[in-house]
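Take a look at the letters that make up each chain.
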Amino acid sequence: DTGVSQDPRHKITKRGQNVTFRCDPISEHNRLYWYRQTLGQGPEFLTYFQNEAQLEKSRLLSDRFSAERPKGSFSTLEIQRTEQGDSAMYLCASSLAAGEMGGYTFGSGTRLTVV
Amino acid sequence: QQPVQSPQAVILREGEDAVINCSSSKALYSVHWYRQKHGEAPVFLMILLKGGEQKGHEKISASFNEKKQQSSLYLTASQLSYSGTYFCGTVYQKVTFGIGTKLQVIP
Chain U
563 DTGVSQDPRH
573 KITKRGQNVT
583 FRCDPISEHN
593 RLYWYRQTLG
603 QGPEFLTYFQ
613 NEAQLEKSRL
623 LSDRFSAERP
633 KGSFSTLEIQ
643 RTEQGDSAMY
653 LCASSLAAGE
663 MGGYTFGSGT
673 RLTVV
Chain R
15 QQPVQSPQAV
25 ILREGEDAVI
35 NCSSSKALYS
45 VHWYRQKHGE
55 APVFLMILLK
65 GGEQKGHEKI
75 SASFNEKKQQ
85 SSLYLTASQL
95 SYSGTYFCGT
105 VYQKVTFGIG
115 TKLQVIP
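Protein sequences appear in the order of chains U and R. When we follow the working numbering, the leftmost residue of the first sequence carries the number 563, and every step to the right adds one. When we follow the working numbering, the leftmost residue of the second sequence carries the number 15, and every step to the right adds one.
Just so you know, the hints here were simulated from the structure itself, not pulled from any lab data. For every residue, glycine included, the Cβ atom is placed at its ideal position computed from N, Cα and C. Hints are not guaranteed to be accurate.
[Said to hold, decoys possible] Within a straight-line C-alpha distance of at most 25 Å, the following computed DSS-like cross-link-like pairs (lysine-lysine) qualify:
(1) R:Lys73 <-> U:Lys573
(2) R:Lys82 <-> U:Lys619
(3) R:Lys82 <-> R:Lys116
(4) R:Lys73 <-> R:Lys51
[Claimed, not checked] Cβ-Cβ distance ranges computed for the label pairs, FRET-style:
(5) U:Thr675 <-> R:Val33: 33 to 39 Å
(6) U:Ser628 <-> R:Asp31: 43 to 49 Å
(7) R:Asp31 <-> U:Gly647: 36 to 42 Å
(8) U:Leu658 <-> R:Tyr106: 14 to 20 Å
(9) U:Arg577 <-> R:Pro21: 33 to 39 Å
(10) U:Thr582 <-> R:Asn35: 25 to 31 Å
(11) R:Lys40 <-> U:Ser628: 26 to 32 Å
(12) R:Ser95 <-> U:Ser589: 17 to 23 Å
(13) R:Glu72 <-> U:Gln603: 25 to 31 Å
Can you build the whole structure from these sequences, using the hints too?
Right under this line is the structure:
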């Protein structure tokens, strides 16, 4: 069990560019979650998958954000036409069961800086 | 809707106790507690399910009162390693996190 892996750890991009992040969950976990965290705040929910199905997407998420989990294993989060307000830590988490029954294992995150 | 945590920050000396509260305006079915150290990812501590149960992790325990829609985290005989930000999370299909309580334990 290597835990949840996220790549890259850091990303600096110019405003208007597209970025893509990758998350590799714990292999036997069928649920995968994306959160965003800014300084002094708790993780903010973005979207989650059960296997390859995207079951919920935050209403706060603009259509510049898209996520996929094509084969029910790794997931990607893409941000198009980045804005300075997108600067944050993007966290991925996975779980074996629904949140009502078990906790999440988080990855170390991808820190995005938009300049 | 985001749960409300209190206090927002607390400073303890080693060996002292603390309580962190988490409340929700919506009915609670289960509550998660996490600890996040500076520059690291949140780490799951425990889950509380309906039934008013208490659970423990090291010298950290928690209670859950679904009638009052509240959960509390108890840290007893605090150690330097307990420093960090504690988040509660209310669960409905996914976890919605509170703003966090920053805990600092000093010698």
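Each hint, compared with the structure:
Between the alpha carbons of Lys73 (chain R) and Lys573 (chain U) the distance comes to roughly 38 Å, so the proposed pair goes past 25 Å and is violated. For the hint pairing Lys82 (chain R) with Lys619 (chain U), the CA-to-CA distance comes to about 29 Å; that exceeds 25 Å, so the pair is violated. For the hint linking Lys82 (chain R) to Lys116 (chain R), the alpha-carbon distance of about 24 Å falls within 25 Å, and the restraint holds. Between Lys73 (chain R) and Lys51 (chain R) the CA atoms are separated by roughly 18 Å; this keeps the pair inside 25 Å, and the hint holds.
Judged by the Cβ atoms, the range 33 to 39 Å given for Thr675 (chain U) and Val33 (chain R) holds: they are separated by roughly 37 Å. The hinted range of 43 to 49 Å is satisfied by Ser628 (chain U) and Asp31 (chain R), whose Cβ atoms lie roughly 46 Å apart. Between Asp31 (chain R) and Gly647 (chain U) the C-beta distance comes to about 40 Å, which sits within the given range of 36 to 42 Å. Checking the proposed 14 to 20 Å range against Leu658 (chain U) and Tyr106 (chain R) shows it holds: the Cβ atoms sit about 18 Å from each other.
At about 37 Å, the CB distance of Arg577 (chain U) to Pro21 (chain R) agrees with the hint of 33 to 39 Å. Checked against the given bound of 25 to 31 Å, the beta carbons of Thr582 (chain U) and Asn35 (chain R), roughly 39 Å apart, lie outside it. At roughly 29 Å, the beta-carbon separation of Lys40 (chain R) and Ser628 (chain U) lies within the given 26 to 32 Å, and the hint holds. In this structure the supplied range 17 to 23 Å is violated for Ser95 (chain R) paired with Ser589 (chain U), their Cβ-Cβ distance being about 30 Å.
For Glu72 (chain R) and Gln603 (chain U), the Cβ-Cβ distance of about 26 Å falls inside the hinted range of 25 to 31 Å, so the restraint holds.
Consistency note: the structure conflicts with the earlier hints numbered 1, 2, 10 and 12.
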